[in-house]
Each structure stands twice: as C-alpha cells, then as structure tokens.
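A.B. asks: Start from the sequences and build out the full structure, keeping to the hints where you can.
8 protein chains.
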Amino acid sequence: MDAASLRKLLQEVRSGAVSPDEAVARMRHMPFEDLGFAKIDHHRRVRSGMPEVIYSQGKIPDQVAKIFKRMKEQGCNVLATRASSAHFRAVKKLVRKAEYRELARAIVLQQDSTNYGKGTVVVISAGTSDIPVAEEALVTAEVMGNNVAHLYDVGVAGIHRLLAGREVMDKARVIIVCAGMEGALPSVVGGLVMAPVIAVPTSVGYGASFQGLAALLGMLNSCASNVTVVNIDNGFGAGYAASLINRL
Amino acid sequence: MDAASLRKLLQEVRSGAVSPDEAVARMRHMPFEDLGFAKIDHHRRVRSGMPEVIYSQGKIPDQVAKIFKRMKEQGCNVLATRASSAHFRAVKKLVRKAEYRELARAIVLQQDSTNYGKGTVVVISAGTSDIPVAEEALVTAEVMGNNVAHLYDVGVAGIHRLLAGREVMDKARVIIVCAGMEGALPSVVGGLVMAPVIAVPTSVGYGASFQGLAALLGMLNSCASNVTVVNIDNGFGAGYAASLINRL
Amino acid sequence: MDAASLRKLLQEVRSGAVSPDEAVARMRHMPFEDLGFAKIDHHRRVRSGMPEVIYSQGKIPDQVAKIFKRMKEQGCNVLATRASSAHFRAVKKLVRKAEYRELARAIVLQQDSTNYGKGTVVVISAGTSDIPVAEEALVTAEVMGNNVAHLYDVGVAGIHRLLAGREVMDKARVIIVCAGMEGALPSVVGGLVMAPVIAVPTSVGYGASFQGLAALLGMLNSCASNVTVVNIDNGFGAGYAASLINRL
Amino acid sequence: MDAASLRKLLQEVRSGAVSPDEAVARMRHMPFEDLGFAKIDHHRRVRSGMPEVIYSQGKIPDQVAKIFKRMKEQGCNVLATRASSAHFRAVKKLVRKAEYRELARAIVLQQDSTNYGKGTVVVISAGTSDIPVAEEALVTAEVMGNNVAHLYDVGVAGIHRLLAGREVMDKARVIIVCAGMEGALPSVVGGLVMAPVIAVPTSVGYGASFQGLAALLGMLNSCASNVTVVNIDNGFGAGYAASLINRL
Amino acid sequence: MDAASLRKLLQEVRSGAVSPDEAVARMRHMPFEDLGFAKIDHHRRVRSGMPEVIYSQGKIPDQVAKIFKRMKEQGCNVLATRASSAHFRAVKKLVRKAEYRELARAIVLQQDSTNYGKGTVVVISAGTSDIPVAEEALVTAEVMGNNVAHLYDVGVAGIHRLLAGREVMDKARVIIVCAGMEGALPSVVGGLVMAPVIAVPTSVGYGASFQGLAALLGMLNSCASNVTVVNIDNGFGAGYAASLINRL
Amino acid sequence: MDAASLRKLLQEVRSGAVSPDEAVARMRHMPFEDLGFAKIDHHRRVRSGMPEVIYSQGKIPDQVAKIFKRMKEQGCNVLATRASSAHFRAVKKLVRKAEYRELARAIVLQQDSTNYGKGTVVVISAGTSDIPVAEEALVTAEVMGNNVAHLYDVGVAGIHRLLAGREVMDKARVIIVCAGMEGALPSVVGGLVMAPVIAVPTSVGYGASFQGLAALLGMLNSCASNVTVVNIDNGFGAGYAASLINRL
Amino acid sequence: MDAASLRKLLQEVRSGAVSPDEAVARMRHMPFEDLGFAKIDHHRRVRSGMPEVIYSQGKIPDQVAKIFKRMKEQGCNVLATRASSAHFRAVKKLVRKAEYRELARAIVLQQDSTNYGKGTVVVISAGTSDIPVAEEALVTAEVMGNNVAHLYDVGVAGIHRLLAGREVMDKARVIIVCAGMEGALPSVVGGLVMAPVIAVPTSVGYGASFQGLAALLGMLNSCASNVTVVNIDNGFGAGYAASLINRL
Amino acid sequence: MDAASLRKLLQEVRSGAVSPDEAVARMRHMPFEDLGFAKIDHHRRVRSGMPEVIYSQGKIPDQVAKIFKRMKEQGCNVLATRASSAHFRAVKKLVRKAEYRELARAIVLQQDSTNYGKGTVVVISAGTSDIPVAEEALVTAEVMGNNVAHLYDVGVAGIHRLLAGREVMDKARVIIVCAGMEGALPSVVGGLVMAPVIAVPTSVGYGASFQGLAALLGMLNSCASNVTVVNIDNGFGAGYAASLINRL
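Protein chains in written order, with numbering that gives the first Met the number 0: chain A, 0 to 247; chain B, 0 to 247; chain C, 0 to 247; chain D, 0 to 247; chain E, 0 to 247; chain F, 0 to 247; chain G, 0 to 247; chain H, 0 to 247.
Possibly wrong hints are sitting among the right ones.
What the hints assert, rightly or not - Capping the alpha-carbon separation at 25 Å, the derived lysine-lysine pairs in DSS-like fashion look like this:
| # | chain 1 | residue 1 | chain 2 | residue 2 |
| --- | --- | --- | --- | --- |
| 1 | G | 65 | G | 92 |
| 2 | F | 71 | F | 91 |
| 3 | H | 117 | G | 170 |
| 4 | F | 7 | G | 7 |
| 5 | E | 7 | D | 7 |
| 6 | D | 91 | D | 68 |
| 7 | A | 117 | B | 170 |
| 8 | H | 7 | B | 7 |
| 9 | D | 117 | C | 117 |
| 10 | E | 117 | F | 117 |
| 11 | G | 117 | H | 117 |
| 12 | B | 92 | B | 58 |
Because the hints were derived from the structure by calculation, they are not lab data. Here the structure is a predicted model, which means the values were calculated and not measured.
C.D. replies: Here's what the structure looks like:
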C-alpha cells in the first residue's frame, strides 16, 4: 500500500463509505512498509551527501559501468570499490568524468563537493603493503565530503616514525588505522590520542597471520579503550563509519 | 628528566656553564618522555571528565577498594567494572558514596555530574541474557557524562519489538548494540539509522556460539556499513568509545 | 499506537476533524507494529497450541517459577528447558500440576492435550549419553501436541541395532537424530528413509570431539540430502522444528 | 541372493529337499540386502518424482553427459548441479531437451511435470551475490515438482525491503533462506513466519567471513526456533529437504 | 524375527501352510538382523576373549557397579575405564575379585587368562604426565590377553633415553606411543622400528597445546609411514586396536 | 666411524698399541651411528620387499625420473605417488617397464612379485570422488606385496550397498576405509568386522568439510574401537601401515 | 652397556679371547647410549649452573617436596615452577632454605650463586596481570645465574611509559617481553633495541583473546625481526632460553 | 625539530633572548623524535653490518630493482628475500654485482665481508622440501656476517642421520631448525645441544598440516627448554635473530 491508496481509504472513511472499524481491520493487513518509508529513506540519503556505492569484485566490467551510470543520475557522488582497471575502462566509456584511484582500487565520480564533515579524518597505515586498504578508506571519506590526511608506513617496530607524526594525529577528529601482521598499531595510536580510532585489520602477512586473523584478534583485544574494529581489509567500512562520526 | 632538571640545564646554558652543543648532546640521551608529558596527559584526562577505571576481575576486594579510594582523590568519577558484591562491600567501607550497579556488575562513584556529551547514547540488547554487558556499556557512558537511553530484549526473531523502539533509536547520536548467539541485531539496527553503531558481541549462547565467536564473526561481517565492533563482552569499551564520539 | 487510538484517529477523519492528508502524515510516523500486530501474533500462538517456553539455564529458581506461573495463565502448555531439580522445586510450589522430566531436564505443564501433529515424530539417539538431548526433543514435541516414538542407543558401530528399528523409522513423518562423537547416525538414517531428518549434534565425546564440533561438522557434510541440522545440544530446537513440519 | 533364488530355496524346503534347519543356516549367510531391497527403493524413488541428480563439479563434460543420458532413460526428471556451460554443451549433444539454468549453474531435464508438493516453497536471498545458491535451491524444488516463489536482495540491513515481501512469505509452506556475510536473515524471517525455515549459509563475503563460516555459525545460533541449517552453499540440499517437507 | 520363528515359518512352508511366494513376501519385511545375527556376534566376542567394557565417566558409581556385575556373568574379562576410586568402591562391593589399576583409572576383572596375542604389545610414553593414558592402553591390552611391556618417560628432548630402550622396541609386534605437548615421539619411534605404531595424543600441556590438539596434528603429520593415530587421550582405543593387530 | 675404522681400532687394542681405557675414551666421542647402522637398515628394507617411494608433488618431472631410475637399481619395487602424467612421461623415458596407475596418480615399477602379506588388504571408499585416495592405498599395498580387494562407492547414506559387500569385508585381514564429507564410513565398517580398520579422511566435500577436517574429526571420534586414523588424503600411509600389519 | 662392561670387552679383545670382528659385531648390538653418555650430560649440566627444575602443576605437594629434596643433593640450584603455597609448605618441611617467590609461583633453592651470564637479562611486562609470567621468567634467569632487571606495566597504549624505560632496555643483553591481550609490546620493544627479544604471550584477556591465542599470533607476526616466541604463559622457557643466550 | 634548530634555541637561551622557562615550554611541544634520533639509529645500523632488506613478494621487479640500487648506495650488504628470477633480472640490470641464491629465493649484494659473529650459525632442515626456508635463513646469516654451516634432510623419522651430524651441531653457537609436517625436529635437536635453538615451522605438508600450523604448534609446545619459535616459513627472521645472538 502506498500513500495514494492509503489516502483513498481515508477518503472513504471520511465519506462514510468505510467505517473506522473496517478501516482498522484493513490496515492491519496492509504491507505497512510501503507507506513511502523507503522513499523517504532514499531522499534522506541523497540529501545528506552519502555516496552511492558499488562493490565491483565478482561483477563484470559492463555491469559495473551500467550501475555506475544509473547512480550518477541521482546527482550524488558515486564510488565503486575493489575495481580493476578493466572495470574503470568500462565505466569511463559511459561516464566521462569518472576517475580511477589506482592505489585504492576505486572509481570515483565527484558531483557534490560539499564538506559534510566537521573536522579531519586521518588515515594511518602500518606498512606500505597496507596502503591499498588505507587508500580505500581515504577515498571513501573524501567522496563522503570530509577533509582527510594520512600517515603511511609508521609501523610499531619503528615507533619514532609514528611519534614524528603526532601533530597530524592531534588534528584528527576521527582516526582510521590500517595494519596487517600483528595489528598492533591501533593500540599505540589509541594510547596517544583522545579521538575515536577505527581499526582495520589487513590481510597483509603470511604464515600465522592467517589472512588477517592475527591482526583482527590483536585489534579486538586492544588495550586502548577508544578502538573499535571492522572486518579484515574493509577500508570502505572504516571510511564510511568515520564519515558518519565526523558529521556529528 | 623532569621539567625541573631541564630548567636547571637551561640555566646552566644561559650562565655559560654548559655550551649549547653540550646541551644538545645531553638532551639526546635524556628520557624525553619525562618532560611533564605524562602529567599533562593526566590533567587533560581529569579536566575532561574521563573516569578512572578499575578492571576488578582477578583482583581481591581489598586491592580494588584501595585503588578505588586513591582514584577518588583525583576528584573525577570512578568506575570499577566486573565487580562482585564482595568487591563492592570492600569499596563501600572505604568510600561511603560508592554505589553498586548490580546488573552491570559495576561500582560507581559520581563526583562530577557535568554533561560532556552532545546527544544521547542509546544502548540496545538482543536478549535478557545480554543485559549485563549492555548495562556495563550504559553505566560507562553515564559515568563519562552522557545522556543515555536503552532498548532491551528486542532481538531479531521478533522484529516488531525492535521496530516499536524506532523513536528511541532515531534520537540517538551514537548507538551501542549488544547481542549474543547469532549477533544479527547490529546489522538490522545499522540499516534503520544513520548514527554510528558500536556492536558488542556477548558470550551468551551455547554449542556453536563458541563463547561469543559466532556473534563476533557475524558483527564483523555486517552488511550495514555504519557498524564497528569491539571485543566479546566488552561493554566498557563500547561505552567508552561511544562517549568519545558523543563529545565530538 | 494500538487499535483503540487508530480507531480514534479514523473517527476524527470521519468527523472531518482531521483531513485524510493529515492522517496519512501522522500514520507515517506511528509505530506501526503496535497496530495490534503483536497481539494477533500472540493469539495465533495460543490458538495453535505452541507452548510458552522458558530457557532456565542461568536463571534462578524463583525467576523460573514466576515466569512459569504467569505463562500458565495463558492456558496453553508450558515448557521450561535446561531446568535443574532446584528449578523444579520452585515451580512446583507455585504450579502444582507441573511435572519434572528428569532425563530431559524439562519442566512441563500440560493444559492442552490436542493432537496438532498429523503423524509421528520419531526421536533417535546414537548412544545412551545422547539421551538427555533426545529427551529434550521428545518432550518438546509432546508438549507441542505430537505423537512421538523413540529409538535409543542405535549408534552406527552396531548397525544391526539400527536396522532392527526400521519399522519404527518407516512410520515417522519427521525424524530427529541426536548423536555426539562422529555424528554419523543422521547420514545412515537419512539414507534409510524418505522423511525429513533433523540432526542434533551433541557435546558427547572427548578430545577431538571439541564439545560437539566434530559431530556438527559431520552432520553438515551429510551425504544424505534429507538432513538439516540445528545447534549442538539443541534438542528443543529440533523438537520445535519437527513439530511445525508435522503440522503441515 | 535375489528373490528368485530365495524362492528356489523355499521350494526345496517345501519339496523336502532341504530341511527347515538347513534353510535357516543357509539364510543366515545370505546377503540379505539383495532380496530386491535396492530395486524396491529405486522404484519408490521413480514413482514419487524424485529427480536423478548429478554433482557435476570435478567431473569432465563427457562423463556428465553420459550419466545424464542414462538417467533420462529412467523417465523421471534429471538434474545436474554445479554445472558449467561446457558441461551443458556436452549434455545438450546427447539430450536435446536439456535446459541450462545459468544463474543456478544447473542442467535440467523436465520429463515429469506432476505437482508433488502441497504448497509453495519460497526461496529468499539476502544479497544479489547469494542468488546462485538460491537459484540452485529453487531449481531443485521445481524439478522435484513444487510450486516455487522467491524474494531476492532483501538483506537485514534494509529491513523494510524484507517486510514488503511479507505477503509472499505468508503464503509459503516451507521457506529457504540463503545468506552470506553475517547470515542474519534466517533469524529475522524465522521470527516473522510459522513455517519451517531451512537456512543456507553462502560463502559470500571476505575477511572474517572465512568462506561462509561466519554465516554458518550465525544460522546455527539462530534465536528463531523454526530454523534448521544445511552446509555452506548447499542450495541443492535445502531444495531437496524443502521438497520432502512440502509433500507431507 | 529370531531363528526360532524363522524355523517355524519354514516348517509352515514345508507343510504347505505357507506358499514359497508368501514366505518371500513375509521375509522381505522381517527385521533381518534378528536372524541370530546379533547373537553370533556376541558369541564370537565372548569366545575370542574380547573384554566387556564400561566407559565410567559421567556414570554414577552404582550404575557402573551394576553393569560390571552383569557383565561379569558373561564369563569374560571386564574392564571399566575412566573410573574413579568411588567407582571402584561401588564395584568392589558387588564383585569381590575386581581390582583397581589406579594409574590407569581402570577397574579390571580377570576371569580369562588365555594369551590371545602372538607377540608383545609395547606401550611407550613421552613424559610422566602421559602415564595415565599409557596405562589405560596397557591395561586394555592385558585384559584382552596380550603380553605387554612398557617404556616410560622417554621423550624426544632426551633422545638417548629412548635409544637405550631400543631392545624393548625391537621385541614389539605392535607399539603404542602416548605423547602430549608437541607429540613428536611417535615419529621418532616409527623411524626406529618396522612394527606398526599406534599414536595416542594426550591432553598434557598448556597454552598452545590446546588440550592435545598440537600433539594430535603432529602425529597426523608424522613423517614416519607406519604411524596411525587415535583420539586425544584414547588409551583404550589404542590398546584395543593393538590387541586386534597382535592376534593376526 | 664405520665398521672398518672400528675394526682398525680394535686391532690396535689387540696389538697393544691402544689400551682398553684409551679405546673407551675414543669410542665415547665417535659418531656411533656410523657403525654400519644405516646400511643394515637399508638392507633390511630391501630384503623385506618394502618399496622405495617418491613423493612427486612439487618435484619437476626430470627429478622424479632420475630418482626413480636410481631406485630401480636397488632391485626392489619402486613407487612414485602424487604423480602427474607429465611425471610419468619423464619416468617412462628412463625406465621402460614403469606403469602409470592413473586413478591412483601413481607410477609403479614391479620388480619383486613376492607375496609378503599373509591375508588380504581390503580398501573401501565411500564415494566415487574418494577413489583416487583409495587407489593410492591399494597400489601401495600391491607394490608392498599384498593380496588386495576393494569395495567402492558404498557410502553410509545407502547402507544396503555396504552390507551387500559384507563377504568381501569378512575376508579382510586389514581394512582401509577412505571417506570425505562426514567421514562416517569407518565407524560403520568398524562395527561390522573384527579386523583392524585404518581410516583415511579425504578432502572431498565443500563448505563446512573444510578440506577434510570434518571427515578427520569424525574418524578420530569413531565409536568403533578398532579404527585408527591417518592424515587427510594419505592413501599411501594407510597402504603402508596396512601392509606392515598384514605381514605380522 | 656401561663403560665398565665396554672396558671388559676391550680387555678380552686385548687378551685375544674375543676377535676384533666379534667385538664389532657385539658392539653393533649394544645400547650405545649407555657408554656413559647420559652421565656426562648430567655432569655438564651440574658444572654449568643449570638448575634442576620441577613442573609442580598436577603434582601433589609431597611428590614435589621429595623430588625437590633429591635434587638439592646434586648441589646445584633447584627451581619448582607453577607451585602453590601448599607445594611450598611441603617443600619447606624437607628443605629449610627453600624460598617461595609468590608472584612467580616458584620455589627456589639457591645453592650456587655464580654469575654465569655476561650481561643483564631484562624482563618487561605489558600489564600488571602479566606479572606472574614475567616473574617466572625473572626467577628462572636469576636461578640460572644472571643479572636481571625489569620494567613492568609499560603496555603499548601508554607508549611514553615504555619510552621512559629506554635506559633499562639499552642495558639489556637479552630482553624478555610478556604481554597478553593483543601482544603488541614485543614488536615495539623489538624496534627500539638491537638485542634479541624473546616474546611470551600470556593468557591474560577475555573474549577474543582466546586464552592467549591473540597475543601468540600477534607475536609470531611481529614486524620486528629480532623477536622469537615461546608458548603461552611459558615464562620459564623464556627465562631459560634467555639465560643460554646471555652465557654466549 | 632537528639538532640544528635545537642548537639555535639553546643559543637564544644563552644570549638571553629566550628565558629558560620559555625554552622548557617550547621544547615540550617539539616533535622530540627528530632530535637526530632516526639518523643515529641509521648510522648504528650501517656501522654494525646489518643488511638493508627488501621483502620482494607482491612488489614488481622494477620496484625491487630501484630500492635495491638505492640501498646499495648505503655501502652495506643488501638482501632481497622472496625474490623470483624475474626480480633478479631486473635487479641485475641496475646492480651488476648482485647474485641470485635460487634455493633461498634471495638476491644478495655482498659489499661488506666483515665477520661480525663470534661463532658458527648452524642451519638444520628436516626434509628436502624445507630447504628453501633453511636457505633463506642461511643466506640471511651470511649476509649479516656470520660463519655458517648446515645439516639438511635429517628428519626425526631417521634419527641416525641426525645423530651422525652431532659434530656439526656441537660446534654451533646458535642453531636454526626448519621443519614442516609434525615439526618435531627442534625438540630433538634442542635435547642434544646446549646452544639456543630457533625453530622455523615450514608450510611443507598437506591435509592436517594446515599450511604449517601443525609444525608451529608442535614447536611452541617443545619439551626442550632452549627452543624459541618464529613465524611459519620465516627463514629470514630466524637468520636475523640468530645473527644478533651470535654477535653477543
């Protein structure tokens, strides 16, 4: 039942064609969620600068391109994550202004450049191999309208490199920390700042890293209380959650 | 080296007793972190209403009581988590105004009632067995100076109960969701709101719940992008992180 | 909003006090699930002989007794699972006619003896140690109004014992199979019958049984296609699902 | 020993050529399962519309084609699961009327269109990536003679999409729910309906989904009591078990 | 159907009261396993000196005692494994000649002292903490009528102690090796002898031994090809299998 | 120190050139394992018909061929396991009489056809996909000089097929059972026979089979006491251990 | 064969009673490890100040006391790890000078105060709960004759506390780092020093720490290359290995 | 702040332009880690013969070549691990004197041939498949300026081969032991020597080796107290740690 048919029913109530009791009975069996609910939600999303997002992995280039184009028409920013250069070439044909962020494996269309965030989202990575995940977080935050900054390759085995970046960290409203292997960096960062820290375990490592499990467990057991965690390699999720926080 | 001894060195530089080059050399070998660094940190913590926190488990009642009393002297709120009634009796003898939040297994001393948060922290639990963890999160948020609200026993198998609480959720600036068993609730909540959601897996369940592992994995794989996760049963951590976010 | 207040709103529409458009707008913001939804659900449950169920583990005897008594007042059967004899003593004081099924660790109050099932639910156990789980399934099916039968101690290492019970199996409309250790019995039973088989892994075993994990994995990998699986030791769930199937 | 030779023995008993005692002794050593047992079973299977099924993965196209052709000769429906287009091309050469259900990765030959089921089997999927598994379940149910319906892409993070499909769910006699990632959908569906729900975890996801383990554990720990579970990605098994239930 | 009723049927065939065709039809529905099958099995077991065995863990003393007494009446040896001294006291009251092997946690009644084995079963343990498991294996082998010998506390970190026992190993027809922690001993023993080696991982260890998992995995990956493995702490199973081999 | 130099030392003792005390001192520091020890071992192996074995996986064809040729020169049988057809082509060039057992993925050179086993080794497989592992076991047993027999595709979901093979099982002196998925077959076989059973879990399956882990755990928890287990897919090890037992 | 009997054999060679060839043959069958081998080893151990060590857990107080006393007689230091106060009371009765190190749960008898180490072994712990493990390492190193120092409660979430201890770290020849939860400290310490670091994961933590597994995996994946790891809670092993290194 | 700007500040203090109090305040906010700290560290590294190391896996040949060339300019030895022949060809073009150690998958440039180690580092491998990991350890130790030796293919199932190498082991100052499958070798070696042993689990094996997990757990549970462990396949880490120990 959409708003139109509800209105029709109510008009019948008004006209006396349907009694209030009958109307209650009929409404009880209506699919209530169609009262415009979904649309409102959609509108709210568009108005607030949330990007439309495509998870490209496992989709063929043409599919991604078509979805991308349709989303572009909503007028908001569009983001395709886990995208290969083949995906990009297909998108580029349909959407001229799309850009490829190679490190982040992301295709981006910036149509709305409003700054929705109140502060800076800082993305930190432990090693150079963690950069693709970090970049995915960074691009997501950018596309969602945030000022961003980053500190890369500041792993805990060279603690002075991290400490040298303290100024950057102190400016952050929210911090995202990406680390593989032992996943220790979020704990150290968490101890140095008062900002909320979102930890992203990466699948970087070998042997007993078990594709990111070691880093994940490490972060969940962080002795710093301001650390929360997302899924292994989930740079997008971290960037998204950080953006929501930065809008508060 | 504390600030006093640094000052003394600088006075010797001024007086010419020590050359600038010598001073550089000596400072290079100083434990630089003692330049008042820790104290500033401590002051900042006190000023900002962060409570002093004691993890009581594995500590004997007397220990908890003594630490509690010493912390009380800092003037800020004091929180002891995972505390038994035996812990509370010991604390009560030394700190009259301490209260025991039985459900949360927490001892609380409220000395600072400033409201540091800008909105409401809402705590949601899936089942009644998750309430101890939810209450730990709630008490933590309260002690850190937040308005709080809660929705309990709104698990996903009775989705209408959750939907009935939509108004409460819509008022939240940050949401904490505690769930054991399949840990599905944060995904559903995450899909209903735009606020950041902190998910707390609980060890509630049996068999293939593997002491909270099932819930933990479920939350990490949430299809809602605004969900981040903390350790199993870590109500405190969720309350702490939510409080930091609510101050932004 | 309950049915009463909805009716009131509709009467205002009828009387012209509220316009249909205004009514649509207000209804959009109503907690629609309170439109008698839960009550209907409840009624449907009561009418159909579904028992009210209490999971006793972790609850103190008094709590169980009070909930039990309140549920009794619904007029339907009442079932408390994972109940100790202490739980039973407390219930007995408040509800005279409650019975204790010791093997099943269940407290039962039979107020409705309608036979809701169309055939027989057969419960099979591999070893004698699996009997508590099997009995929980059996009692659940009974309380939900099914004819039941059982075959116990017919594990796969003595296949002739199982084959001797073929007649019983052939009469089943639904079969529940409980097994610990290697959990092989559901596959063998599944191959002998055309009825749907619900497999319950039990935590019976030691060493590499890992508290039922071996049995669980075995059942999930069953080479018999008519086997579905519930959680380790979840006799109740199996009895419940089997009862629903037996009503079809 | 088949029925013929048993009969011959009995005739020798009748004629006195063999004493009853001798006959007992000889029968004790007979392979009793050859008393037409298997054949009866086969007949029952054919008569009741159970399809012949080939698991194609790991088999070369020619093998699948030959088995498919031989099965066709039984006169019942034939189903080849996990089949590639190469498998299909090989089958098509030998069996003209075979069809390829690409989404389901299934080859189907419909020779018997009897409706063996009493109601509708509804297949629900959480995301678009779960569709191959859902389609395998759907095709299996169809080939086994059921009315089917489906609801796709109704994951828990957009609960209103699921609720909008309530009418479809209410018509189901059995429901199959396929979900990857956190596997929460069966719990929500289970709470909305009284029909038995068969949950199929899919290997969709990454990182801590551990190839479907997270979804599997989630479903096993479902707080809805009408949910049973099959192996990861086992759409066929779910379709098969649902069909058996739908015939009851 | 037992042999008696089968004979009766056959006599009816002979007398013409039942036709051969009718007899075939009736026999097809008989529980064929009751054709004396189980009894033969039982006889064979008794004749061949296989002990009757009771797994005492989880049984109350009285239960064990009653089963023990009933088994004694079969005339063969009786063995109760995982038995506490309380179990023994209860057994002792009913069966005077029962003995308690404390190290092995086994109650033994030796009624048949035939030597069924052709050679010696040698039991080896890595550390002193593995001795209970080793003794369970040893007692099992003894009760099943084997010559036994043992080598204890010859772990791989002191390889010379093991090598000193080479003479004992060389005399073995079958070897059982019990080891916890890294479970390396079976590989070393396996490399020194040509006899079959049955490896028993024990739950001895802490931390990353994960209750015997480390030892179990080690033994399954043994680089010695003559090693097979039983469940963690399953001394009984090893003793049983070794006895069967030693009778060959 | 080899036998020659030891003899030389002893001759010096005899001639008085070296005193007994000096000899003791020098021998204490000798590498005692060079006293011809390894050679004796080698001789024993050759004399007793143990094949020389090459694990081909990860070796390039030329390597395998060269090792194969060198081993051929020992005069005993030669076996290369996990060999591809490319391995075989390379071997064939150097060793004309080598044969390829495709199903078993094994290259065999039969130079010694002595029958070293006293009875028959029976190899049983649950499904057709387990046959490669079963064949590896079978070929190994053959090459080691055993009579062999097999029963394939007799999985527990069609128990009558297994029972039909009872005669074959009853003739076995040792039984090897290969099964993937739930790994239940060894338990059923173990319950039907008194022979020792060696269980081989295979990596056949998908989803929660976890590459053979489910089958492995199932077999380790077998309720049949005559079952021992080897590593996943380790047909060779099972064939080797069975051969040693069959020689006893 | 001990040195005496070897000497006897050699004298027979000298006297001509035994030919060199016969002697070679007999020696080939001797248990060569009894050539005084073990004794030499024992002497070397005693001479070098290695303590005799008793693992007390699972042993009754009397057993520990008797072993302790016997070891005392070797004249070297004696160490009993994992000892309760009950163990200590029993030891104290037999060995007056034994001391109890309560934090380390260790009983110590210092009879040899030689300093065998060339530098200082520094033990670092992340939290106060890790101190028992750290103390076990410390006491072990002391008893083995090392200078020791420690830094406790310097976890990575308060990095300045660790940096303040840099001077202590710089003096270390070997460092032992004990940490539970995320186990990140060894990586940070490893990056600050050039000394070898032995990491000890502790079982401190809850939930996803899985009894030390998270810390263990973290340490194995350390991005600092000078870190090696021992078993969870194995303070003794770390102290032992560090002592060996410090003697180099 | 580097040393230059610190000196400038101090000169201002000396000249009176800045008061000591002001200087303290300004220094408190300086990034203290830039006081030449990193450079000193770097110098120390170069002076002490530590090689510059590149982890090649996942880097394209050109990247590795460029980094290699830049590192060469530091004048110290350069090591690229996990390098393919493609990596080597690219490096060779830029750095003529670079050599490829194929077995170790390492590219080496030896510019500094100082012997920094005091004794010999011995590398032992269990099987031939473990040699790549062993060689990585060996090359690392060589490049870091150590005398090295090795014993390959001395697995525990042929213990005499290991014992034959005792002389080599006795000369070691530090021992590295690489083993896959059951990972038992470090325990045996650890029991034979007094030197510190660094164990490297390798991913060699199949089935229940779980890519090295079995070997890893085995080594962590070693009953030899002188064994510490590094990550699976981490030959480099073992070689690095051994080198540091050998310099002590």
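A.B. asks: Indicate, hint by hint, whether the structure satisfies it.
C.D. replies: Comparing the hints with the structure gives:
1. 65(G) x 92(G): Cα-Cα ~10 Å, so holds.
2. 71(F) x 91(F): 12 Å, holds
3. 117(H) x 170(G): 20 Å, holds
4. 7(F) x 7(G): Holds. Residue 7(F) to residue 7(G) sits at ~18 Å (cutoff 25 Å).
5. 7(E) x 7(D): 18 Å, holds
6. 91(D) x 68(D): With Cα atoms ~10 Å apart, residue 91(D) and residue 68(D) stay inside 25 Å; holds.
7. 117(A) x 170(B): Roughly 20 Å between the alpha carbons, so the hint for residue 117(A) and residue 170(B) holds.
8. 7(H) x 7(B): 18 Å, holds
9. 117(D) x 117(C): 14 Å, holds
10. 117(E) x 117(F): 14 Å, holds
11. 117(G) x 117(H): 14 Å, holds
12. 92(B) x 58(B): Roughly 17 Å separates the two Cα atoms, so the pair holds.
Comparing the model with each numbered hint stated earlier shows that all of them hold.
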